[in-house]
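K.L.:
Given next are the chains, with one letter for each unit.
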Amino acid sequence: MELIFEISKKGRRGFIPPKIDVKPYKINSKFARKNAPKLPEVTEGDVVRHYTNLSRLNYAVDTGFYPLGSCTMKYNPKLNERVASFPGFSEIHPYQDQKTIQGALELMYELEEALKKITGMDAMTLQPAAGAHGEYTGIAIIRQYHRSRRDFKRDEIIVPDSAHGTNPASSAMNGFKVIEIKSDDRGMVDVNELKKVVGPHTAGMMLTNPNTLGIFEENILEIAKTVHDAGGLMYYDGANLNAIMGQVRPGDIGFDVVHLNLHKTFSTPHGMGGPGSGPVGVKEFLKDFLPVPRIVKKKDKYALDYSSKKTIGRVRSFYGNFTVLVKAYAYILTMGEEGIKRASEMAVLNANYLRVAISKLLEVPHNSICMHEFVASTMPLQDKGIKALDVVKRMLDYGIHPPTVYFPLIVHEDIMVEPTETESKDTLDRFIEIVKEIVEEAKKDPENLKTAPHTTPVRRLDDTRAARYPVLRWKSE
Amino acid sequence: MELIFEISKKGRRGFIPPKIDVKPYKINSKFARKNAPKLPEVTEGDVVRHYTNLSRLNYAVDTGFYPLGSCTMKYNPKLNERVASFPGFSEIHPYQDQKTIQGALELMYELEEALKKITGMDAMTLQPAAGAHGEYTGIAIIRQYHRSRRDFKRDEIIVPDSAHGTNPASSAMNGFKVIEIKSDDRGMVDVNELKKVVGPHTAGMMLTNPNTLGIFEENILEIAKTVHDAGGLMYYDGANLNAIMGQVRPGDIGFDVVHLNLHKTFSTPHGMGGPGSGPVGVKEFLKDFLPVPRIVKKKDKYALDYSSKKTIGRVRSFYGNFTVLVKAYAYILTMGEEGIKRASEMAVLNANYLRVAISKLLEVPHNSICMHEFVASTMPLQDKGIKALDVVKRMLDYGIHPPTVYFPLIVHEDIMVEPTETESKDTLDRFIEIVKEIVEEAKKDPENLKTAPHTTPVRRLDDTRAARYPVLRWKSE
Amino acid sequence: MNSYIPHTEDEVEEMLKAIGVKSVNELFSPLPQDRRVKTMGLDDPKDEYSVFLKLKELASKNADAQRYTYFMGGGIYNHVIPSAVHQIVSRGDFYTAYTPYQAEVSQGSLQMMFEFQTMMCELTGMGISNASMYDGASATAEAALMAARFTKKDKILVADSLHPEYLQTINTYVSGPQLKVEGVKYDESGTLSIEDLKAKIDEETAGVIVQYPNFFGVIEDLKAIREASKDVLMIVVVNPISLGVLEAPGNFGADIVTGDGQPLGIPMNFGGPSFGIFAIRDDKKLVRTMPGRIIGETVDVDGKRGYVMTLQAREQHIRRAKATSNICSNHALGTLYAATYLSLVGPEGLREIGENNISKSHYLLERLEKTGHFKRKFSGEFFNEFVVETDLNIFKLKRKLLKNNIIGPLDLGMFGGTKSRLKKLLSKNDLLFCTTEANTAEDIERLLSVVEAM
Amino acid sequence: MNSYIPHTEDEVEEMLKAIGVKSVNELFSPLPQDRRVKTMGLDDPKDEYSVFLKLKELASKNADAQRYTYFMGGGIYNHVIPSAVHQIVSRGDFYTAYTPYQAEVSQGSLQMMFEFQTMMCELTGMGISNASMYDGASATAEAALMAARFTKKDKILVADSLHPEYLQTINTYVSGPQLKVEGVKYDESGTLSIEDLKAKIDEETAGVIVQYPNFFGVIEDLKAIREASKDVLMIVVVNPISLGVLEAPGNFGADIVTGDGQPLGIPMNFGGPSFGIFAIRDDKKLVRTMPGRIIGETVDVDGKRGYVMTLQAREQHIRRAKATSNICSNHALGTLYAATYLSLVGPEGLREIGENNISKSHYLLERLEKTGHFKRKFSGEFFNEFVVETDLNIFKLKRKLLKNNIIGPLDLGMFGGTKSRLKKLLSKNDLLFCTTEANTAEDIERLLSVVEAM
Ligand SMILES: Cc1ncc(COP(=O)(O)O)c(C=O)c1O
Ligand SMILES: Cc1ncc(COP(=O)(O)O)c(C=O)c1O
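Each protein sequence line maps, in turn, to chains A, B, C and D.
In terms of my numbering, the first sequence opens at residue 2 and continues consecutively.
In terms of my numbering, the second sequence opens at residue 2 and continues consecutively.
In terms of my numbering, the third sequence opens at residue 5 and continues consecutively.
In terms of my numbering, the fourth sequence opens at residue 5 and continues consecutively.
What the hints contain is simulated information worked out from the structure, not anything from laboratory work.
Be aware that one or more of the hints could be misleading.
With a Cα cut of at most 20 angstroms, we get these calculated PhoX-like pairs of lysine-lysine [unchecked claim]:
(1) B/LYS117 - B/LYS299
(2) D/LYS65 - A/LYS298
(3) A/LYS302 - D/LYS58
(4) B/LYS11 - B/LYS31
(5) B/LYS183 - B/LYS117
(6) D/LYS65 - A/LYS117
(7) B/LYS183 - C/LYS326
(8) D/LYS42 - D/LYS156
(9) A/LYS196 - A/LYS183
(10) B/LYS100 - B/LYS302
(11) A/LYS302 - D/LYS60
(12) C/LYS26 - B/LYS342
(13) C/LYS326 - B/LYS117
(14) D/LYS156 - D/LYS288
(15) C/LYS407 - B/LYS100
(16) A/LYS100 - D/LYS65
Start from the sequences, fold in the hints, and give me the full structure.
P.N.:
The following block contains the structure:
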């Protein structure tokens, strides 16, 4: 498709702004812009057509199955979108007098309460804008905690090699050394390895549980004890909370700090990559380190409290991605105790159903009960020269979004499948059918896989060229 | 795609209605439904995916050029959609106390005023739901007028052979005989023919001007005089008002009754075929025949007036397609005097630009200045066995919506092109290019045209089979 | 300056040159120049925000269902609309599409309408549904014309308990073909008098029109009516949302079912747009006299399933003066509301909604009666509306309710001014109350506390 | 009962059988059973309408821009948003899509972001833009980290006129790498003191951060700042909507431009989500230290143009602990708001909007000064915000305004409680007024009449 700039024509208008109905003021020429930015000049109709047609090139939750491991692409309820767009939520200013935003504060307060109940934590902040931002915040809290105890030597965060890239990155951004430990042959934390590395330098350990292989860390209590005994804190990367919510709470199995991804577990849409929201919960003893402001309730009034002395400060402006919070809150109200539990149950049921079926078609290295996702490998197709990438690109021709590939890094040629609870058995059966057809094709016509996809708006794109000769903006010839 | 029924599974839910929070009441079993209707049983996610995917199979104004003659598929501004969805417009009940609907009545009153100014008529009703409904209403008014004068012999309505099918149909529904008159060789009303048929039986004449060939009836004043002299009234089918609004008014060139298609001229969307809105305007002497209620203004208050004795009655419940009226009103406010004029100017400019270019590629039987549309014919391709239908089906492969075909009925193998003012020269140039390529292909590879389209979600569909063995609903096997 | 029209001045020049004229005005030379408009007298163009503010102000002068509680029905109902309906109907891919004449690029619209037709058949128990009429009233009037056309008879019986505006519409429509319309009385139960019906059916009778539930909310005994009217067409006007709990008219032998689709997910819209339901028995002869567009299944050249508009030989663009109706644009977007609504609620949901409506109305009646100020008017079983007589001053009652952000009930006295037969049959103190699933128990308490304070 | 989860009981049984377990609970056997949750203590599930009503009630407890007029800025602004923006951003095809890792089925997202990047470059005058950060504050904090990383120096100068919450965010972010942050004073014009800047730049200085227009609405003299800070990175925090009338920071030699995208078509959202702008000079070395996702153009195997995420070697999923940032999810949907907004308004519209803002603010200041109760605080040229000192009781003023449905101005005293340097620099009676094109002349009169009545 043409770029919006390529259909631009000097003099066209897409929006007529309000007229100046007061005495006009001309800016001091010292500051005045000399050359107008070359923005598109198009009609409203051009804009609507252009972006409507672009949108149709997209795959989305609203168009199909999205079994992206680690991403929890569950259905995004429309009620949530609707309530979040109420002017009383979307058209309010963060600095309004607190008596004019009692509804907003109440919502945030109640959301914190609900998330505390779900995670087993004692206090929450809703400020972080995404999962990684939550990690950053949580690790900063751990750092501040040790500093507040004048325990300055703790400069290491332990992270399993199966961890998401944001875990080491968030630790490093906080100035920590990252100690990566190898997983055992079942894909879990090797407690012996852990014991080797914990010590007086350990500030904490970051863990996703179930881990990125979809396996619940069975030794979690021992792991937590090991870290705690060494004086470290346990950080829970909540990206996979969908597997266990309502079943077991991070706060009850040894975690001190947890972040949630509302855009995964709590059904808020991903918006092509964001905005998300990454609330952080902590145990009582860490409460004062949370970012300011905190939402407090005094009698029947809600207020923003900036008074904490130990706070890590702020990790962004204002109070968080508020309208995302509204959506998550609506979701929790709708699901209720019973629905939240059922979500994890059906998510895990779906994953195991797929695991058993896919293990007959591809290799599933850790083929025991999984949680909400599992990792398979296309290694059995290697002798045909087929890589995981070929398999997933071929899936595009079947009109579904493929699973995550090449993550976690500890399994070769892996595809990571997370169906989520909002998908039906029919959809899973169709997915199994597609994998079957592709595996058969790999044997009969491997070339067709290697050159896939064939039916998408564009075909396989040249990533190397993009990186080697970067073209990062449009320029007129 | 599967039908929504085909993905249904007993027990699934897509919406949880409010619980019964009062004493439950069980209906008398005599009236109780025995077997539940077999509606789909699906989740909310299924519904959203199903209809989102269906929508992507559609062509729409929001996706591309729509040069459908007679349909005025102009761009539908998004402001209009937004304001029409205000709860103060979309969530009000027609029987509310009139003091609680003053805004709605004011809007309708002001819209009538604006439409009077645009058409040159003296009174309006907004009740009719579409163009044909307006025609029905207008012809009923003409009938009542004659009856009120005890002139019972006037049982004929004159209609040119180029008229839209709704014209004769609306006349017939009103109990009139339809007298069809042939157009002259320039596609216009043959005044001599007209003179032959007018007389004491003439109740009126229906005319679209510019006519369905896009040609302005140059003899309009003589036509009107002829009909008026015979005691008949002149009816203006406003489907083509987009060509002349702001230039000349039906009320100033002899018309007594006019209907408008707000969904054509006034930019309200077509909604896959409706809702439209077909307001009817009349000259002073016909005012009392308008449907009830009428909107009246008394001092600063607006009211619904049911008092007319001569009224034709009602043509539907309530007051018209109100939210469509809101959109049209917003459009008129936005365009203003100057914008309304410019719309017709650019619509006519676009049509003539295309006419001149297309006349070099196909035949344009009446190739002089046209108004907002023109009719071309694919007869030059006949020797290759190519029909108009083949040409337009091939256009689908180029990703544009083809023009109207086989209407009006007086030109062979015709395609009727109405670009509207909201399309740019670039779009028109692209259209010309496509026609050129198709004409060339007709010579080189006619088979490819006859079997077109090739790239659409389905290919040419079997209409005959659909009509001969009608399958009008889904049934489970 | 205009953000809808793309032409730059350079382009206009180029285009004029290509056409071979000197000015845009020259293109209007075929117009009678002495009649050209100088000024229409419209306002100057306005920017988007100004129009937005102006319309916001107009909207704010109306009392709406986001701010008020409704106990008002009588043809338009305030139901709960699932959010997903809005998400789908606001897709430009649907609402800015044209009539699906080019089927290959309109399968979205066509398949949706085919599904809609199926749902209408399931709801009504009929065999064939079209793809919508304008509204319930005009659909019913068209049914009257169709009945006359099909039977070649010219008398239509209409239950006096039919919505008065429907009757008025029928009266207008029959004046073309000059059919006779005769009313059929109702009895103290509020349902059609079988006796009167029998007495009025004669050789010339084409059909009988009854509403189900009728204008008073009362459920007509379709079985008895069918038995009493064997040789004429039975036309039933339904409230579609009641059909999750009420037996389908098709199962009582209805020949034509019409009705207004508004309750199926469409906002009240001040009465429009909604859409008209039109369904008939599965009968090849009958369908040929049916008005409106119909979608049918077929296959493409590759044998793939697809959908097209079919049986068009009935329609105005083919048959012109001999068409079964003049209808062209219908209310297709309304069918999308209904299709998504019914897909979401499903059979269980529709039943629950029906039960909610009927429970609320009976509870409200009971509570109103207890106040001593209201007396039930009709003994017949009712759905979500009922008529009561009151000894309260209606004007004062309505004013008090309004002050408490309550709209309704419907004052039946207001229909006295029309030509309706209701005038004779109802007293000035008759009120039509309506409840839906959108009325909470709390709303009902609020209504009652106003009443009790009077 | 749940309308989001499709499983019927039969299906659950079938699936358990296929897996080879007896119950769903068996699937949770890896969990420490003695720690299983009995009850979380959440409420029971609610139906859709109940949730709708509950949230409507909460929303109604807030004063919003549909009911109130805003004279409040300070980082979040009430601008007019074209209706077409809403139409596009509410398409599920966009907002329910994931990060475009599978480029072949994400060209809609990718091309849009590529267009967005181009627009950001045009606006800011920079060579390279990423595809968004979280917000203006965190983007600016990341710019500080990047400057230190790139220059291998550890001192960051920050204008005291920077938004205090941005400063707080920077302070948090620098505590990991333990960078030094030093404030640079402003003078009576409200702009950065060039003298103080010069005095504070030293060998260890990585960069200087200034805001344009700054927190007081005053337009910094970027030319002078650039000249005074030749050897360090100049980081400019912009209000993007001002760049239709203000010279682009790129044209003054900025190295990094950040800012908050909210003014570009995004509702106020109580402060979030919006998105963070991040643009840099066109410099191959610099780009390697840049945080965030970047979209690049390439071709597919058929040579067709297409777009992909590129230069990923900087990012956490590849580089892990050595990544340029931990950012993963960004604020992509915000870029869609901005891309559609900027496409609609175009260069002319953006200029007109800028002129409207600046005219309104100057007019309001003039009128306020005339009342005798307000005194302009800074002499520097300003955009759509300005600081005044008042002799009125601020508490009373705000209460009166609120009663007249007016929100604002911003009471700068409220920043006194934070660690911000503003505390020292501002008096308790300083107010920050803001006007945008959404404030009509009538709104201004209404504000003044409240003031005059005091
Ligand atoms: C395991 C894990 N941790 C952290 C993250 C980061 O979350 P976000 O993208 O919201 O920053 C993700 C996201 O993909 C993840 O899967
Ligand atoms: C010339 C003409 N007259 C009348 C009509 C009927 O209008 P509607 O479809 O709104 O009933 C049309 C619609 O296509 C038309 O083109």
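K.L.:
Now look at each hint and say whether the structure bears it out.
P.N.:
Taking the hints in turn, this is what the structure says about them:
At most 20 angstroms may separate the alpha-carbon atoms for a hinted pair to count; B/LYS117 and B/LYS299 meet this at roughly 19 angstroms. Taken as a hint, the D/LYS65 and A/LYS298 pair is honoured in the structure, with Cα atoms around 16 angstroms apart against an allowance of 20 angstroms. Pair hint A/LYS302 plus D/LYS58 holds up; C-alpha atoms about 18 angstroms apart against a cutoff of 20 angstroms. Taking the CA atoms of B/LYS11 and B/LYS31, the gap is near 26 angstroms; set against the 20 angstroms cutoff, the hint is violated.
A C-alpha spacing of about 32 angstroms is found between B/LYS183 and B/LYS117, which places the hinted pair above 20 angstroms, so the restraint is violated. In summary, the hint linking D/LYS65 to A/LYS117 is not supported, as the alpha carbons are separated by about 24 angstroms, beyond the 20 angstroms threshold. This hinted pair checks out: B/LYS183 and C/LYS326 have alpha carbons roughly 19 angstroms apart, not beyond 20 angstroms. Of the pairs offered as hints, the one joining D/LYS42 and D/LYS156 is violated, with about 53 angstroms between alpha carbons and a cut-off of 20 angstroms exceeded.
The hinted pair formed by A/LYS196 and A/LYS183 meets the criterion: a straight-line CA distance of about 12 angstroms does not exceed 20 angstroms. The hinted pair formed by B/LYS100 and B/LYS302 meets the criterion: a straight-line CA distance of about 8 angstroms does not exceed 20 angstroms. Annotation: proposed proximity of A/LYS302 to D/LYS60 holds, straight-line Cα distance about 18 angstroms (limit 20 angstroms). In summary, the hint linking C/LYS26 to B/LYS342 is supported, as the alpha carbons are separated by about 18 angstroms, within the 20 angstroms threshold.
Note on C/LYS326 and B/LYS117: the hinted pairing is violated, with a Cα-Cα distance of about 33 angstroms set against a maximum of 20 angstroms. The straight-line distance between the Cα atoms of D/LYS156 and D/LYS288 is roughly 17 angstroms, inside the 20 angstroms bound, and the hint therefore holds. Proximity of C/LYS407 to B/LYS100 is assessed by CA-CA distance (about 12 angstroms); at most 20 angstroms being required, the pair is judged to hold. At roughly 9 angstroms between alpha-carbon atoms, A/LYS100 and D/LYS65 fall within 20 angstroms of each other, so this suggested pair holds.
When held up to the earlier numbered hints, the structure conflicts with 4, 5, 6, 8 and 13 and fits the remainder.
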